[in-house]
Amino acid sequence: MAISLDEQLRILRVAIEAEVGAPTMILVASTDDDDGSGLGLGLANAFAAAGRTTALLRLDAGEQRPAVALGLRLAELKAEYDVCVIETARILESSVALDAARIVDGVILVVGMGRRVRRADRDVVPALSRFGARVLGVVAAEPRRLAELAAEGAQGVDIVTPGRGSLRVVHGETVPSSTDSHRLVLER
Amino acid sequence: MMRLAQVKDVLVRRRRPFAVAFLVAALVLDALAVLVVPTEYAAQSSVLMAAGGDHDTPADATSSTKPILSADLPYLATTPTVLTNVARDIGWGQDPHALLRLMHHIKANLSAPPAGAIALSPGAIVVIRFTGLSSADSAAGANAVADEMTRFYHDRATARFRVLTADLQQQVEARRARINRVDTEIQRLTAAAPYLAAHDDAHSLSAQYQTLAEERAEVEAVAKGEAAAASVTNRRPAEAELAARREITESDPAYRDVVDQFGRDFARLAAVQSQYSDAYPGLPELRHTVAGERSAVQGRRAILQQKPPALDTGYAAALGEATRAQSVAAGDAAKLQGLNQVLRETQAELNTGKTLASRFDDLQRERDVQTSAYGVLSSRLAEARADQAQAGSIGSVSVLDRAPYGKPVFYTVLPVRIALALLLSLCIAFAMILWLDRREYRMWSVTIVETVYGAPVVATLS
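Read top to bottom, the protein sequences are chains R and Z. Each number in the working numbering corresponds to the 1-based position in the first sequence with 37 added. Each number in the working numbering corresponds to the 1-based position in the second sequence with 607 added.
For the record, the hints were derived by calculation from the structure and aren't laboratory data. All C-beta atoms in this analysis are idealised placements derived from N, C-alpha and C, irrespective of residue type, glycine included. Treat the hints with care, since some could be wrong.
What the hints assert, rightly or not - Pairs of lysine to aspartate or glutamate residues, derived as DMTMM-like cross-links and limited to a Cα-Cα distance of at most 25 Å, are as follows:
no. : chain 1 : residue 1 : chain 2 : residue 2
1   : Z       : Lys1014   : Z       : Asp754
2   : Z       : Lys615    : R       : Glu185
3   : Z       : Lys914    : Z       : Asp864
4   : Z       : Lys942    : Z       : Glu956
5   : Z       : Lys615    : R       : Asp71
6   : Z       : Lys615    : R       : Glu179
7   : Z       : Lys615    : R       : Asp70
8   : Z       : Lys615    : R       : Asp69
9   : Z       : Lys615    : Z       : Glu1047
To be verified - Now the in silico label distances, taken between C-beta atoms and shown as ranges:
no. : chain 1 : residue 1 : chain 2 : residue 2 : range
10  : Z       : Arg1049   : R       : Pro163    : 15 to 25 Å
11  : Z       : Leu1027   : R       : Pro163    : 47 to 57 Å
12  : Z       : Ala628    : R       : Ala55     : 45 to 55 Å
13  : Z       : Pro1063   : R       : Ala157    : 17 to 27 Å
14  : Z       : Leu611    : R       : Ala106    : 45 to 55 Å
15  : R       : Ser132    : Z       : Val619    : 35 to 45 Å
16  : Z       : Arg623    : R       : Pro163    : 32 to 42 Å
17  : Z       : Ala638    : R       : Glu44     : 46 to 56 Å
18  : Z       : Leu1027   : R       : Ala52     : 47 to 57 Å
19  : Z       : Arg623    : R       : Ser132    : 28 to 38 Å
20  : Z       : Arg623    : R       : Ala157    : 17 to 27 Å
As the list claims (entries may be wrong) - Computed, partial: chain R to chain Z, Cβ under 7 Å:
no. : residue
21  : Ala52
22  : Met150
23  : Arg152
24  : Val172
25  : Ala178
26  : Arg182
The following block holds chain R by itself, in its conformation from the complex (with noise of 0.2 Å):
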């Protein structure tokens, strides 16, 4: 009997929240593209779903910003939120992506099914155990599965974006922005 993907969405949140408890920051991240970014969305949508003041926060793998800024934005999200999902691609090749795996509770990877093997899905968990950082789990995905979570947008989710200062907290799914982050919701 197939499970829904809601269903499938629960059990990886129990799973998690079994795992590294409440409150929880989870860094959902990729090595790839491909693999889309709709695991963390979906994921965000779960803990809402479930009662959870969760917060969905997307790092670009080109973005630049000092550790310790970062540490004390994370820090004060999960002071606010029960659970804060960040969400990041190509971990390997940013910086504060790499910064935020080591501060965070725990690491989800995500992998689309039928992808093309590449060095870095070898080199993910040993770089990211150098780090600190602790990696829960891989997520094996079809690519269209991701896709339709992408495509559900945020539901009871607040969505921020990392800038400088003052973070501009955005609930739902129906706020405009003009960032990156937001652009992309948007148009998913």
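With chain R's structure known, arrange chain Z on it following the hints.
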């Protein structure tokens, strides 16, 4: 198993140039193939194996010398003899490789009757399909296979029974000769000892012996009685002779006078001797006179005794009775002696007959055995001849329908060839591309993901 989305992803997004290149190449090659491959024609003939050749039919269930089953019939088409003959008929090559190609060609186009049809239907039909580059060639091939297969079957079927009937005939003749020899021996024994063939006890040798023994006992008893009577009767002539001689003596007057004188003188002598002594005078004369008279009596008696008593009737009768009794006793003795001789001969025959009877019984038993075997062999011979006739009959295996002409094979017609070639080229091209894509190391399974990442997969979204 690749899903349609994955195939589309591979063909359209990742391998589009390869897909186009392979497709074009396949189309070009297939177009050449379409132009080169000629249209084929197929013709069909059929062979019928009528009922009566299988064990399945109840009428043949008792026969142990049946020809091949109808299920074997299709395999006759690929026997070397049939292949050679078919190749000769249609002008096919006669070398081993050509015959091998012909065999595969026939096998691929031969339809055996279904097993159920063989068991249930009264006959089985083998359809022979032969393909060629022209209608006439295909028809000739189909007809040649049908003809040669039928001819070969007839040859083989009758050949088998020819050998079988010859063997059975030889065995039957051997048995018959043996029976004749035994019969001759039995006749010889019967002629030598007729009683061996007599099954009636009244005429058997032992019965004859018994009868003779009883007769001998009776004759012996009669002979003993007659002998006793003869011995008694034999004494009568002597008594009669004495009586007759006494009568002769007593009836003689001279003798009576001499006896009377002797009696008186002897009495006087006795009286004198008793009254007087020897000194009595005249005693010696008296004694002398008595002695003379005694001599005279004896002399007269001797003379009378010399006279034959045959004239005496009593003596003659006694003598006749004695003679008759002796004759009867002699006859009984002779008869007894004859019976004893016959009994001895019969006893000898009985002793000899025991050996002959044993031999006679052995011959009778052997004759029974040989007759029984002869009957079985005769039955089998008759059955084999019937089977041979049936196998050789025109109705058992025959060409049911000859191929008049060949029809174009559907998949070799030009439009169908083009469509099939197009489909084949698409399949080959896509298969090649997917195979090439598959050769890359991709995240096809959870195991691969865990191996690559070195971390467990905690969830799958499928």
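Each hint, compared with the structure:
Proposed proximity of Z:Lys1014 and Z:Asp754 is supported: the alpha carbons are some 20 Å apart, at most 25 Å. For a cut-off of 25 Å, the pair hint linking Z:Lys615 to R:Glu185 stands: about 18 Å separates their Cα positions. Distance restraint check for Z:Lys914 and Z:Asp864: the Cα-Cα separation of roughly 19 Å lies within the 25 Å cut-off, and the hinted pair is therefore satisfied. With a C-alpha separation of about 21 Å, the suggested pair Z:Lys942 and Z:Glu956 falls inside the 25 Å cut-off, and the hint holds.
Proposed proximity of Z:Lys615 and R:Asp71 is supported: the alpha carbons are some 16 Å apart, at most 25 Å. In summary, the hint linking Z:Lys615 to R:Glu179 is supported, as the alpha carbons are separated by about 15 Å, within the 25 Å threshold. The straight-line distance between the Cα atoms of Z:Lys615 and R:Asp70 is roughly 20 Å, inside the 25 Å bound, and the hint therefore holds. With a CA separation close to 21 Å, the supplied pair Z:Lys615 and R:Asp69 stays within the 25 Å bound.
With a CA separation close to 17 Å, the supplied pair Z:Lys615 and Z:Glu1047 stays within the 25 Å bound. Restraint check, Z:Arg1049 to R:Pro163: a C-beta distance of roughly 22 Å satisfies the suggested window 15 to 25 Å. Hint check: Z:Leu1027 to R:Pro163, Cβ distance near 54 Å, so the stated range 47 to 57 Å holds. Hint check: Z:Ala628 to R:Ala55, Cβ distance near 52 Å, so the stated range 45 to 55 Å holds.
Take Z:Pro1063 and R:Ala157: their Cβ atoms lie about 19 Å apart, and the range 17 to 27 Å holds. Range check, Z:Leu611 to R:Ala106: about 48 Å between beta-carbon atoms, so the 45 to 55 Å window is met. Range check, R:Ser132 to Z:Val619: Cβ separation about 37 Å, and the 35 to 45 Å hint holds. Restraint check, Z:Arg623 to R:Pro163: a C-beta distance of roughly 36 Å satisfies the suggested window 32 to 42 Å.
Distance hint for Z:Ala638 and R:Glu44: a CB-CB separation of about 53 Å, consistent with the stated range 46 to 56 Å. Checked against the hint of 47 to 57 Å, the C-beta distance between Z:Leu1027 and R:Ala52 comes to roughly 53 Å, which is consistent with it. The hinted window of 28 to 38 Å between Z:Arg623 and R:Ser132 holds, with their beta carbons roughly 36 Å apart. Taking 17 to 27 Å as the suggested C-beta distance range, the pair Z:Arg623 and R:Ala157 conforms, at roughly 25 Å.
Taken as an interface hint, R:Ala52 checks out: its beta carbon lies about 6 Å from the nearest beta carbon of chain Z, inside 7 Å. Given hint, R:Met150 at the interface with chain Z, holds; its Cβ is 5 Å from that chain's nearest Cβ, closer than 7 Å. Hint status for R:Arg152: holds, given a least beta-carbon distance of 6 Å to chain Z, under 7 Å. The restraint placing R:Val172 at the interface with chain Z holds, with a minimum CB-CB distance near 5 Å, inside the 7 Å limit.
Because the closest C-beta pair between R:Ala178 and chain Z is about 4 Å apart, less than 7 Å, the hint holds. Hint on R:Arg182 holds. Least Cβ distance to chain Z is approximately 4 Å, under the 7 Å limit.
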